[in-house]
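The task is simple: from the sequences and hints, build the whole structure.
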Amino acid sequence: MSERLEHFVSSAAFDPVEVEKLTPEQEQYYLASQWQMMWWRFKGHRLAVIAGLVLLLSYASILISEVIAPYALHSRHTDYIYAPPQSVHLFHEGDFVGPFVYPLSYKLNFQTLKREYTEDTSTVRPLRFFCSGDGYEFWGLFDASFHLVCPDEQGTLFLMGTDRLGRDMLSRLIYGARISLTVGLLGITISFVLGITIGGMAGYFGGWVDSSVQRVIEILKSLPELPLWMALSAALPANWSPILIYLGITIILGLLDWPGLARAVRSKLLALREEDYAVAARLMGSSPTHIISRHLLPNFMSHLIASATLSVPSMILGETALSFLGLGLRPPITSWGVLLSEAQNIEAVALYPWLMVPMLPVVIVVLAFNFLGDGLRDAADPYD
Amino acid sequence: MHRYFLRRIATMAVTLSVISLLVFIIIQLPPGDYLTTYIEDLKAQGEVVDPKKIEFLRAQYGLDKPMASQYLIWVAGMLQGDFGYSFEYNLPVMDVVGDRMWLSMVLNFATVLFVYMMSFPIGVYSATHQYSWGDHGLTFIGFLGLATPNFLLALILLYFANVWFGTSIGGLMEPEFIDQPWTWAKIVSVLEHLWVPVLVIGTSGTAGMIRRLRANLLDELQKQYVVTGRSKGLGEMRLLIKYPMRMALNPFIADIGSLLPQVVSGSVIVSAVMSLPTTGPMLLSALQSQDMYLAGSFLMFLALLTVIGMFVSDVLLAMLDPRIRLDGGVRR
Numbered sequence: 001m002s003e004r005l006e007h008f009v010s011s012a013a014f015d016p017v018e019v020e021k022l023t024p025e026q027e028q029y030y031l032a033s034q035w036q037m038m039w040w041r042f043k044g045h046r047l048a049v050i051a052g053l054v055l056l057l058s059y060a061s062i063l064i065s066e067v068i069a070p071y072a073l074h075s076r077h078t079d080y081i082y083a084p085p086q087s088v089h090l091f092h093e094g095d096f097v098g099p100f101v102y103p104l105s106y107k108l109n110f111q112t113l114k115r116e117y118t119e120d121t122s123t124v125r126p127l128r129f130f131c132s133g134d135g136y137e138f139w140g141l142f143d144a145s146f147h148l149v150c151p152d153e154q155g156t157l158f159l160m161g162t163d164r165l166g167r168d169m170l171s172r173l174i175y176g177a178r179i180s181l182t183v184g185l186l187g188i189t190i191s192f193v194l195g196i197t198i199g200g201m202a203g204y205f206g207g208w209v210d211s212s213v214q215r216v217i218e219i220l221k222s223l224p225e226l227p228l229w230m231a232l233s234a235a236l237p238a239n240w241s242p243i244l245i246y247l248g249i250t251i252i253l254g255l256l257d258w259p260g261l262a263r264a265v266r267s268k269l270l271a272l273r274e275e276d277y278a279v280a281a282r283l284m285g286s287s288p289t290h291i292i293s294r295h296l297l298p299n300f301m302s303h304l305i306a307s308a309t310l311s312v313p314s315m316i317l318g319e320t321a322l323s324f325l326g327l328g329l330r331p332p333i334t335s336w337g338v339l340l341s342e343a344q345n346i347e348a349v350a351l352y353p354w355l356m357v358p359m360l361p362v363v364i365v366v367l368a369f370n371f372l373g374d375g376l377r378d379a380a381d382p383y384d
Numbered sequence: 001m002h003r004y005f006l007r008r009i010a011t012m013a014v015t016l017s018v019i020s021l022l023v024f025i026i027i028q029l030p031p032g033d034y035l036t037t038y039i040e041d042l043k044a045q046g047e048v049v050d051p052k053k054i055e056f057l058r059a060q061y062g063l064d065k066p067m068a069s070q071y072l073i074w075v076a077g078m079l080q081g082d083f084g085y086s087f088e089y090n091l092p093v094m095d096v097v098g099d100r101m102w103l104s105m106v107l108n109f110a111t112v113l114f115v116y117m118m119s120f121p122i123g124v125y126s127a128t129h130q131y132s133w134g135d136h137g138l139t140f141i142g143f144l145g146l147a148t149p150n151f152l153l154a155l156i157l158l159y160f161a162n163v164w165f166g167t168s169i170g171g172l173m174e175p176e177f178i179d180q181p182w183t184w185a186k187i188v189s190v191l192e193h194l195w196v197p198v199l200v201i202g203t204s205g206t207a208g209m210i211r212r213l214r215a216n217l218l219d220e221l222q223k224q225y226v227v228t229g230r231s232k233g234l235g236e237m238r239l240l241i242k243y244p245m246r247m248a249l250n251p252f253i254a255d256i257g258s259l260l261p262q263v264v265s266g267s268v269i270v271s272a273v274m275s276l277p278t279t280g281p282m283l284l285s286a287l288q289s290q291d292m293y294l295a296g297s298f299l300m301f302l303a304l305l306t307v308i309g310m311f312v313s314d315v316l317l318a319m320l321d322p323r324i325r326l327d328g329g330v331r332r
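Keeping their order, the protein sequence lines are chains H and C. Under this note's numbering, the first sequence has 262 at position 262, and the numbering climbs by one with no breaks. Under this note's numbering, the second sequence has 95 at position 95, and the numbering climbs by one with no breaks.
Each hint can be trusted.
One-sided excerpt, in silico: chain C residues whose CB lies under 10 Å from chain H:
(1) Val23
(2) Leu146
(3) Ile156
(4) Val263
(5) Leu283
(6) Leu284
(7) Leu305
The hints are simulated quantities; they were obtained by calculation from the structure and are not laboratory data. Glycine included, C-beta positions come from ideal geometry on N, C-alpha and C.
This is the structure we're talking about:
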């Protein structure tokens, strides 16, 4: 055969630590906290990250709705009832003039009784930026009139048209986000607290507590949600102030949503309470509350957050549906559902289709929450 | 099997009685009752209200009795087929409701059927052609279907029908059949109109079902018995139908528990939007006018529909999967 390879023996001293030395990247990976790993995992889901950004932007917008909206919430333009969306142009007769709109002129069509608006393309009404326009009360605290975008002093700016009172749809949409987006958050908070408490009790104590909670959950799950929501919100007294109605609706939405969360908490707890560290804590005399909140909850908090994210959209849709039917929020509160309730008259919608525009943010937000929740659910278990 | 069946019926009875209590509490929640609203209305119109007449009405409707006995009277009446009295229409609830309950049942049943018939082939296709263009496209459409609330879908359909055809696609039958006795032509007319609400209500359920079926089937397709079958020379089609499909079918039937409440909820709001002659619009108006017995019996009816549907699905599941009827409590 061939000649043998020379036997190699290193003369250096053997250092066991040296062998298992990690590169800085590996070290970072192995020492990363649970949340750090979840973040890395989450970043991998491009769709979820985009959805998260969209939601972040929408929620940021409700902080400064007054500044973003070109008009104030209730300002009416009686000369522009059911005006169509105006488009923003950049070039006028071949010359660049920056963003501007053409003014609308109004004519009532006596045959169809339709309000017809035509663009007067001879006049240019440039947009103003960082300007002073409609006055408003910022969060009801102080008076201001600063806007990101305003129409020309004589002109109008209805990027999404106007409604039957001549109110700018875009501004109302931006204000509506404030109500529609927070309904889901408040509702999920209520359902979260209920779900953790009740599911936690069922899972930790087991026995008759568990079985009675299970029965209650089964009954609640077998009820169709919407008719119950309708019945409960019809029970809200009509003479309540808008803010009380708003709180009442969020409580109703939250009250019927907890069974899903409670069930998840329960099954996790049932498995986790038999773990050695839980037994050790019990033997050392920790109280159930302490064990649940300190040792067990952190173990599946991430799962809970993911599933909570997935149930926010159903609440947003619930509010929209209730307000649409006239059982939820009522004007003067402006939510997307309230805006959509004006689209109930299908003849009006056929003439003025921009009344259906509030559908867009509803669908976008619901989609975004679904994608975000999917991404979070995958990231919730980074040790897989 | 018989023991499982009996136990299941017993739980259903308990569930229904708890639900009836819940419904009764809910319809009693609004302050005052229909009579106080009615008296307010009369007073607002400047009419004189005779206190004796009010006393008489109160006694006749049992509104002067304590809550507990009102509840018992209501439940006992329902067991005998007497659903109480609608104050708004001045008629027994059964007469007001008429065909509505049947049409509701037909609508909900047709929707569930539609969901199954649509989601089964699509789900199987998506799973067997994972990551193909067809799969991606169908998944995307499914997501859209999940995110678009069904009453908005109804609005969009109504809008396009109005713009393109100039007609309204609302309603469940041609106008000439409304309030007519049931004839063959009327049934045909109902069937012709049924597909629009069925499509609208069923979309989100179908989307969810496709996703679940796809996930289940994908899990099964990776298992070793599939590889074994393939290595023994079983044809792809036969292999798919014989084993993994059966396993994936199980949750398919179990899911009716989450599908039914969703369908019933959806049908309520969609029929309100499209003004279908089902229970939805009437429930809405009954709730708004505090016509408590009418609203209560609608709520009871909708709950009954879901509870019985779930009962049927559980029995089917027990027949399909012997593990379930052997160890009572544990499911899936």
